[in-house]
Amino acid sequence: MIVRPMQSWFRMLFVWNGSVLQSIIPQLIFMGVLSSLAVLTHGRVFGEKIPLSAAPFTLFGLTLAIFLVFRNNASYARFTEGRLLWGNMLVSSRTLMSQVLSYLPESVDEMGRAHVANTLIASIYALKHQLRETDATEDLVRLLGEQRAKELAHKVYKPIAILNDMRSYLAAPNGVPLKSDMTRWMLDTQINDLERSVGGCERIASTPIPFSYSVLLHRTVYAYCMLLPFGLVDSTEIFTPLVCVFIAYTLIALEAIANEVAEPFSLAPNALALDVLTRTIERSILEICGREIPAEITPVRPYQFT
Amino acid sequence: MIVRPMQSWFRMLFVWNGSVLQSIIPQLIFMGVLSSLAVLTHGRVFGEKIPLSAAPFTLFGLTLAIFLVFRNNASYARFTEGRLLWGNMLVSSRTLMSQVLSYLPESVDEMGRAHVANTLIASIYALKHQLRETDATEDLVRLLGEQRAKELAHKVYKPIAILNDMRSYLAAPNGVPLKSDMTRWMLDTQINDLERSVGGCERIASTPIPFSYSVLLHRTVYAYCMLLPFGLVDSTEIFTPLVCVFIAYTLIALEAIANEVAEPFSLAPNALALDVLTRTIERSILEICGREIPAEITPVRPYQFT
Amino acid sequence: MIVRPMQSWFRMLFVWNGSVLQSIIPQLIFMGVLSSLAVLTHGRVFGEKIPLSAAPFTLFGLTLAIFLVFRNNASYARFTEGRLLWGNMLVSSRTLMSQVLSYLPESVDEMGRAHVANTLIASIYALKHQLRETDATEDLVRLLGEQRAKELAHKVYKPIAILNDMRSYLAAPNGVPLKSDMTRWMLDTQINDLERSVGGCERIASTPIPFSYSVLLHRTVYAYCMLLPFGLVDSTEIFTPLVCVFIAYTLIALEAIANEVAEPFSLAPNALALDVLTRTIERSILEICGREIPAEITPVRPYQFT
Amino acid sequence: MIVRPMQSWFRMLFVWNGSVLQSIIPQLIFMGVLSSLAVLTHGRVFGEKIPLSAAPFTLFGLTLAIFLVFRNNASYARFTEGRLLWGNMLVSSRTLMSQVLSYLPESVDEMGRAHVANTLIASIYALKHQLRETDATEDLVRLLGEQRAKELAHKVYKPIAILNDMRSYLAAPNGVPLKSDMTRWMLDTQINDLERSVGGCERIASTPIPFSYSVLLHRTVYAYCMLLPFGLVDSTEIFTPLVCVFIAYTLIALEAIANEVAEPFSLAPNALALDVLTRTIERSILEICGREIPAEITPVRPYQFT
Amino acid sequence: MIVRPMQSWFRMLFVWNGSVLQSIIPQLIFMGVLSSLAVLTHGRVFGEKIPLSAAPFTLFGLTLAIFLVFRNNASYARFTEGRLLWGNMLVSSRTLMSQVLSYLPESVDEMGRAHVANTLIASIYALKHQLRETDATEDLVRLLGEQRAKELAHKVYKPIAILNDMRSYLAAPNGVPLKSDMTRWMLDTQINDLERSVGGCERIASTPIPFSYSVLLHRTVYAYCMLLPFGLVDSTEIFTPLVCVFIAYTLIALEAIANEVAEPFSLAPNALALDVLTRTIERSILEICGREIPAEITPVRPYQFT
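Chains as they are written, first to last, in the UniProt record's numbering: chain A, 1 to 306; chain B, 1 to 306; chain C, 1 to 306; chain D, 1 to 306; chain E, 1 to 306.
Since the hints were derived computationally from the structure, they do not count as laboratory data. Possibly wrong hints are sitting among the right ones.
If chains are identical, the list can't say which one is meant, so a pair holds when it fits in one copy or spans any two.
Stated by the list, open to error - Here are the simulated EDC-like pairs of lysine to aspartate or glutamate, each with C-alpha atoms no more than 20 Å apart in a straight line:
{"#": "1", "residue 1": "Lys-49", "residue 2": "Asp-234"}
{"#": "2", "residue 1": "Lys-49", "residue 2": "Glu-237"}
{"#": "3", "residue 1": "Lys-150", "residue 2": "Glu-287"}
{"#": "4", "residue 1": "Lys-155", "residue 2": "Glu-292"}
{"#": "5", "residue 1": "Lys-49", "residue 2": "Glu-133"}
{"#": "6", "residue 1": "Lys-155", "residue 2": "Glu-296"}
{"#": "7", "residue 1": "Lys-155", "residue 2": "Glu-287"}
{"#": "8", "residue 1": "Lys-128", "residue 2": "Glu-81"}
{"#": "9", "residue 1": "Lys-150", "residue 2": "Glu-292"}
{"#": "10", "residue 1": "Lys-128", "residue 2": "Glu-138"}
{"#": "11", "residue 1": "Lys-49", "residue 2": "Asp-193"}
{"#": "12", "residue 1": "Lys-128", "residue 2": "Asp-139"}
{"#": "13", "residue 1": "Lys-49", "residue 2": "Asp-275"}
{"#": "14", "residue 1": "Lys-150", "residue 2": "Glu-237"}
Bound conformation, chain A alone (with noise of 0.2 Å):
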């Protein structure tokens, strides 16, 4: 995630870090030389002049609208979603750390509920790791230990394993003794919460929008840039590369920006800086424990957070 102050409106035209630029630019130069020959033929392809007015760029701009604005809300809709998890699993972590404190008997020592707080933390850590496909090892034996880390590397659902060890944790008698069914209840429906969290993440990671629709929108983007410069060189001359390249970068940044928001747990600059939530969950559940609180994590490149 890109996190960038903002600038004054004349800057902000120049801005290099955080614009989707860097990553167009091969299919911009391949739009500016396209339309550069388009201006030296005069719309000419071997010899023949291609005829195309602005009426069919309406046409087409119609399908190209709805194919655009659908898949960018679609996108966005995926962003805002994933970024709801995980504010609710911040917001039911944290209600757990803080019901376990109130309401656990005093029998409970320091130890047990650091035990809770690691094995809470660990699941987060588990689920960023599932989420990028990365290997969860470290920060699980960091959390709970070599032997626990090592039952848990065979298991496909990292996550709710943990969870569940909580839950039996917190409910079984060997464990933490409970003063009440209301108690075990409470903290019942917190695990919950973070499972019902979990799952949502693996759906959306799991299920992609249809990929017909990113095929369908993707050539009809191309196809409309492509044919662009021979509907615009008769009327704006020498300035057809300007424009088409311009007009290339605006749909196809949109659509490069909405490929990225789409996938909101990967590494891409627009995509959730899992890092920093994860490390977010870590500080302050450990500040509702009193223990010392890790530093926040540092861009990996200007403003950009992963």
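Since the structure of chain A is already known, use the hints to place chains B, C, D and E on it.
Only chains B, C, D and E this time, still in chain A's reference frame:
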């Protein structure tokens, strides 16, 4: 559902598997022939010039855009709601299983726990078969035994009947003796959630988007496409077939995709992969129980899951 | 509601049953006559040429599109909300029935259980009759007996009165003695959900989309359609009636469909099939009870359910 | 709120009551005069021809459409949310009343039950008066007696104070002795829901759509309308006033309706009929209690309810 | 937030306070100079005519509209969600206060109740200061005493720490002895709701709309505005500056408003009035307690609340 890694922008233009192109070829050939005829006759029918300028197409385009956007949004909303409901089933069944393992008294042995897991998985399979109108017998025999499968054969609402069994089993004095009312209520809440998801899926399956919308959109799309060559032939000349087929492709393809995602439980390439989803739920429940988990579903065709 | 299997793309163009076409024929004939007159007079009225070019239609089109999109979305939102509420009633009543069977003490005999089932079904039928402003007596006599039906005859809010009965029956010491407060609360939650759905349906039925929107849209659609022939006659000549009638068809049909789905509890072809829905709920509740289930509803006209 | 049966398509074109036309006549007359002047002077101001073609209007139209759509959607969302909140109040208060009748111990007599009903109804009336900034005294005296009404007179948040009374009454040992904690919690949940709806209404009433949006839309609409005659006069000639006044009517009327529905608790014709809604809640609560119910509200003007 | 009574349609055109105009004057002057230059040179740059017709602007306009609509909707969604969360805080804290007054045992004296009220109010103020990154010390000292304020000074998540205190106070045996588990759970639910709202606000504050969207929109708006004079100068001649500045005003103003509402917790004129909201919550809680209530907040500038 098509699950396919992102291609480079260039190769994406020529993707075949996963594009909806294959299912609308007849219509596109028809459009190609029609627009070629328009070029050959210079837009004349029986010697009479059809006097269509771009103006009516802009007006047509207005309603066409409204219908396409509405139809597509309404269809996609059904798709995402269907996905959400199956995601909720994963969450609720996992939570129920985990609660059963933690909160049921010691006296409930391995077999009792396996019975709960199997009943849970059976309800999911039964829902899949109900939504796809396929025969559930095989899966029910595998999970519940021949006798129970036979009893269920004549039930109209099989998943509900199975969840009803689950509730009786967890509540009945001859079944599992619960420690307390509170525990019963915790488990009942998850069964309730499962019933809610089942009801939601039935609702989507039994209530299509009002048929009149489909007819109206369909007619507008085809009327627009068929008149298009006669409107464009004067300005785009020999390029008319290319332009018309491409515009027709975008419109007809969008209608086709919208039709597929509007019935998210069908076997169409852009519908939900219910086989994968049921297997995922099965795997996750069995992993929580510490039992062996079956392999993941493989695609029926390259990149295509059902 | 129209339930009709998908046709081939070609036959779909000529569908009669389920198209809204049948209800707007007078307006279309009027449009045909008007545009024919425009052709005959070359766009003159009393010898004066009406100087309408395409320009004003683009401007008109703007507001027309805004009104149509808004009206259609608002109407469809009412339709889907109505459907959701009836779906919730199915879920809540099934769950309540299942809970009654599992959790009520043994001392409640067959007759008590049948009484609960009948009361539940009666509340659903009463809601249907209230929403459609039809006479509920017949169904209430069948389900609750003549005496109770008579008492209910003068009630304004019949479904609520029946659900109120249900609550008293399950709570009252002379009725069903509940094992515990917790069980009472579980059952009360489902009754509460039913009351919530009833209230939601009443809200939709009693609050139309603000009337001024309808008037404004209606006037804009007809003004647009009536001026259209005079704007197009110079460019489309003899084809004017065809083009105008088709454009008028798309606009007036959309308004007509939107009017129908905006009142989802009416008997219109695109409204909800409340008869089917009530029967489904009845069937599902009776199946849970292990009682004989009535047949499904048959369509009143080809493909049309009410 | 206007409640009016659907007219035939022809009579609907000339509806007067319920159309927003009556409130925007001065602006339309102004537009008529302005466009007539443009026709008389052939688009000249002080002898100078104003060179406006259709092109700028298409560009203008773009932003105008964006503003109108946004403004209208945001306004209508406030209207539907306001309606939803009042619907929730109906549901919660009915449920609370029904629960009080079923679950309160026998020792609470007729008078106690009537007291609960009256307090409930008083909170609804108090909310109506707070939202409309009218004097609640009369209704409070009628329902709660003169003394209590006097105590409430100086309260800023009257509905909350009344619901607070209700909570104390149901919880306090000197008031109604509840059988159990569970019952108290059931009743408290409904009071909580009522407080939630009250808070939601206060939120809508106290937070308008950001003022800058209104200013921006207003200026764009009027600038567009005032320039329109000069842009159209060359093509539509003598018809300019007719076309301009009609386009202005659609734009200004939409803004006017949007302004009305954006404040759903006002007395405007397109706002919610709070008088009807409060009376409906009163009637429904009293019917549950078996008490005599007051008559329905009659319209203040033909078809118009407040 | 601007709160201003509606003006007559004519005076509304010249509103200054509350219009976003004041903050975009430099850009508009720049546009005025640029378009005047275009008129003086007849659209020539270094003697070369810039060949821009209306056609490219229609194509540009397409993407511009998509970006503006998306950006504005996404921003406004953040505004309304922020408002909703603060509304929920009002509801939850009022309910919690009311429950504490009704359900806490008699043994909890005036001072205990005042302590709960003050802690509640302090958490709201702490959230406001956290969101606005201002110093909370003064308010915390006033409400919680100097010692507690000092302890909180080093906390990163102050509102959560204060709510955590509240939970301990209501649960701890040395604090308030609760009558029962059920009562504890009722109070805990409200604290949980407050934590949920706090987490929601943190989410909005820490996750901006993806930066790339802002850059893309910004560039498109300014490129469009800067090219506009050259596209219009041939048709609108001397009127070009007027038309261009007005169109630029609508576009740039919309971007500016969207930027403001996208950060609903800032001090911008179109952000939320957090000072008013915190004071309202304080007033309402104190009124429930029967304590003296502070005066309402007065605007910092005419019509402007922060």
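Ascending list of hint numbers which this structure does not respect:
Result: hints 5, 11, 13, 14 break, sorted rising.
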